[in-house]
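Just need the whole structure built from these sequences, with the hints factored in.
Protein sequences, first through last, are from chains A and E. Sequential numbering from 8 applies to the first sequence in the numbering used here. Sequential numbering from 8 applies to the second sequence in the numbering used here.
Possibly wrong hints are sitting among the right ones.
Said to hold, decoys possible - Under the rule of at most 27 angstroms between Cα atoms (straight-line distance), these lysine-lysine pairs were calculated in the DSS-like manner: (1) E:Lys217 x E:Lys270; (2) A:Lys222 x E:Lys276; (3) A:Lys276 x E:Lys270; (4) E:Lys226 x A:Lys276; (5) A:Lys270 x E:Lys226; (6) E:Lys270 x E:Lys195; (7) E:Lys276 x E:Lys209; (8) A:Lys276 x E:Lys276; (9) A:Lys226 x E:Lys276; (10) A:Lys209 x A:Lys276.
Treat the hints as calculated values from the structure; they're not laboratory data.
There are 2 protein chains.
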Amino acid sequence: MLEELTSTIEFQMSLLLFVALGGYLLATRIHQSAVIGEILVGLLVGPSVLGLITYTDFVQSLAGLGAIILLFVIGFEFELRDITNWKYFVIALVGVIVPWIGGYFTSVFFGMDFISAIFIGTALTATSIAITANVLREMGILHQPFAKAIIGAAVIDDILSLIVLSICTDLAATGSIAPVAVGLTIVKAFGFVIIAAGVGVKLIPWLITKMDGTKIARKFPEFVFIFAMMIAFFYAMMAEAVGISAIVGAFLAGVCVNRVSLKHSLDIKTGSEYLYIIFASIFFVSLGIIADLRYITPEMILFIVILTLVAIVTKVVGCGLPAKLMGMGWKDSAAIGFGMMPRGEVAMIVGLIALAHFQEMAAAALDPLEAANLVTLGNEVFIAIVVVSLMTTIILPMIYTVILSKEKKQKPDVCEQNPET
Amino acid sequence: MLEELTSTIEFQMSLLLFVALGGYLLATRIHQSAVIGEILVGLLVGPSVLGLITYTDFVQSLAGLGAIILLFVIGFEFELRDITNWKYFVIALVGVIVPWIGGYFTSVFFGMDFISAIFIGTALTATSIAITANVLREMGILHQPFAKAIIGAAVIDDILSLIVLSICTDLAATGSIAPVAVGLTIVKAFGFVIIAAGVGVKLIPWLITKMDGTKIARKFPEFVFIFAMMIAFFYAMMAEAVGISAIVGAFLAGVCVNRVSLKHSLDIKTGSEYLYIIFASIFFVSLGIIADLRYITPEMILFIVILTLVAIVTKVVGCGLPAKLMGMGWKDSAAIGFGMMPRGEVAMIVGLIALAHFQEMAAAALDPLEAANLVTLGNEVFIAIVVVSLMTTIILPMIYTVILSKEKKQKPDVCEQNPET
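Here you go:
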């Protein structure tokens with residue numbers, strides 16, 4: 008009876024939203040962003056501590072919707088030229104290579120096998136656009152030049168990371184790299200971005216404006232809003248189809264919808280932001296739920312701590328240094344370096360692929376002891392990636408509070424961006 | 008590869024929203040409500056015709072969210088006194104008894120067994136609040152006295168029907184009725200409604216107003232909105248826990264939130280309506296998808312046609328006549344009778360329970376031929392219920408266009424409510 012009830016969507020939705028509210032309360036109490044509060048309370052109610060809620064298919068679906076709506080809304084704040092800057096490309100590229108090397112050699116140093124090491128290296132490559140953008144947004148600094156650079160570079164490094172991932176998955180599966188497949192992945196990924204953004208930025212506003220003038224939009228003011236959400240999910244689907252992260256597609260859709268103004272229809276941005284409030288909250292809570300900290304053995308703690316430090320330093324150096332070398336100020340370069348530090352969606356995806364890879368190998372192993380070892384190894388790689396992602400995410404707002412409050416003293420005009428700190 | 012893509016949530020969301028847009032287009036073209044357009048296009052793309060989209064767990068979850076958000080939003084338009092009218096109770100009670108008898112004897116007349124007949128009788132008892140309220144809302148007549156009566160009575164008949172369902176499920180399973188269990192169901196159902204509405208109507212606005220004044224709501228204007236949605240799902244869950252439909256709980260939550268006014272926070276009603284636009288659309292599309300018309304055999308067509316007529320006549324008489332006898336006008340009584348006609352969520356639930364019952368019996372049958380017959384019988388009962396529900400739903404707006412346009416000629420003040428017809 009009780010189990011039947013807890014499996015209903017009503018129970019899970021009310022519990023997730025209740026947890027999100029708890030996250031806001033905690034965030035206010037500890038003077039952190041709501042994201043941090045939500046992840047921490049997610050950890051508390053998830054399998055790690057209380058075990059009140061598990062990562063069901065339903066939670067996963069809602070979190071997926073949340074990530075897409077989140078990036079769609081973030082996209083509203085951007086113009087196409089914000090992400091087509093060669094400087095951001097350089098920041099992204101160096102910021103993918105350095106963390107990969109750092110993650111790989113740290114793993115090897117701690118005695119991990121070749122395959123685990125390449126998965127961990129790959130997991131460190133991609134900045135979480137969702138988390139970073141939300142932190143920047145909540146702090147009211149999304150329009151700062153360094154914030155634009157972070158988002159632009161984060162979008163590009165997501166694409167680069169997913170290319171690295173497809174190479175590494177091949178390498179893990181077959182032991183060799185297929186140059187044709189890699190080339191195809193690169194062409195598809197960049198081809199999609201160029202077409203989706205280049206064509207969409209003209210076509211989508213034109214279509215929406217047309218629709219807004221039709222009889223149907225005057226009869227049903229919600230018509231255009233449904234169309235806009237459909238585009239968001241369609242772009243997300245197309246991105247997934249070409250092998251890059253769905254959220255990159257949703258972000259591009261948001262960029263395309265950015266400049267539309269409507270006469271008869273309900274406002275797309277307002278509506279999307281209400282969806283974002285509910286589903287992005289669930290997304291962040293779910294990040295806490297997915298991480299089952301009970302898998303962490305005492306031996307792993309040092310590895311995770313060192314790997315977290317490597318994850319931070321490699322992004323700060325790999326992104327901050329190119330930014331400085333290309334003429335940005337120390338403060339902005341530091342803000343970019345730290346801003347690129349949070350890992351999230353892509354790292355989780357890499358972790359899940361690694362887990363599946365080891366489970367497959369275990370299923371094929373003849374010796375039961377070897378199979379058990381492989382399963383344990385997979386779980387260790389997964390939990391290491393998840394915990395490092397969470398740590399980098401939780402640390403960012405703390406570091407920003409320090410960096411930006413220093414900046415505040417020097418440049419008084421900056422303080423208006425974040426009235427709360 | 009293609010199959011992998013079509014199973015992603017991005018693909019399903021974009022397709023569902025695309026179908027919803029098609030529904031709006033069709034609705035405009037055939038001068039019907041958007042609900043009808045969405046159900047019809049759902050039938051077209053579902054397994055019945057094109058087979059482009061199936062009723063996956065994900066679609067089911069989204070539709071479930073849609074039904075809850077729909078009723079929550081409908082609840083905003085109501086005061087508690089709108090549903091605590093003894094006249095509505097009488098309309099609901101007679102409107103449950105007459106259709107049950109009609110459905111039972113029609114089934115027996117067509118040679119159906121006892122158990123099929125009681126399930127079909129039960130399926131005809133409950134008016135679909137979701138569909139009816141949405142049609143009334145779309146036509147802009149939700150504030151008419153007869154519309155208030157329809158919704159009030161529909162909420163009550165949902166509760167009555169779910170009590171009948173629990174009796175009939177016992178009867179089908181054990182062949183007898185347990186008076187204690189029935190009494191308990193009745194006490195729990197009415198107890199929930201009285202407590203949830205009576206306490207909630209004071210407590211929830213008080214809580215929300217308190218929250219709106221706190222520091223947290225001033226820092227995070229979305230906080231109160233998340234709380235309100237949490238209450239909607241919590242009430243839905245509690246309703247389900249006491250054995251009545253989750254959407255009755257969501258409706259009561261909407262009634263309780265109705266009179267709140269906020270200073271610092273984002274508007275609850277606006278936000279809920281944006282969620283409603285997306286998820287109620289998906290709910291209505293899903294009704295078309297769930298009905299696989301290919302199960303209908305030629306022999307069943309006459310039965311379904313007659314059962315649809317019985318479903319209409321028994322509600323028109325069973326609800327319209329009491330309304331007339333209690334002093335309402337002929338027009339209002341007719342509007343109430345026809346307005347109570349659409350069946351939906353509860354009928355679908357009854358259909359699914361019937362299907363599961365016959366599948367269980369088939370699994371326990373020793374003779375394989377008998378087992379096959381039981382499975383066919385279950386599918387026939389299910390599809391008959393689904394098709395009758397759809398027919399009653401599709402017919403309502405057509406009848407209303409006739410009734411209300413006549414009314415329009417007599418009372419010119421009514422025409423402003425529906426500028427489109």
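Hints and how they fare:
no.	hint	in the structure
1	E:Lys217 x E:Lys270	holds (11 angstroms)
2	A:Lys222 x E:Lys276	holds (26 angstroms)
3	A:Lys276 x E:Lys270	holds (22 angstroms)
4	E:Lys226 x A:Lys276	holds (21 angstroms)
5	A:Lys270 x E:Lys226	violated (31 angstroms)
6	E:Lys270 x E:Lys195	violated (37 angstroms)
7	E:Lys276 x E:Lys209	holds (18 angstroms)
8	A:Lys276 x E:Lys276	holds (16 angstroms)
9	A:Lys226 x E:Lys276	holds (21 angstroms)
10	A:Lys209 x A:Lys276	holds (18 angstroms)
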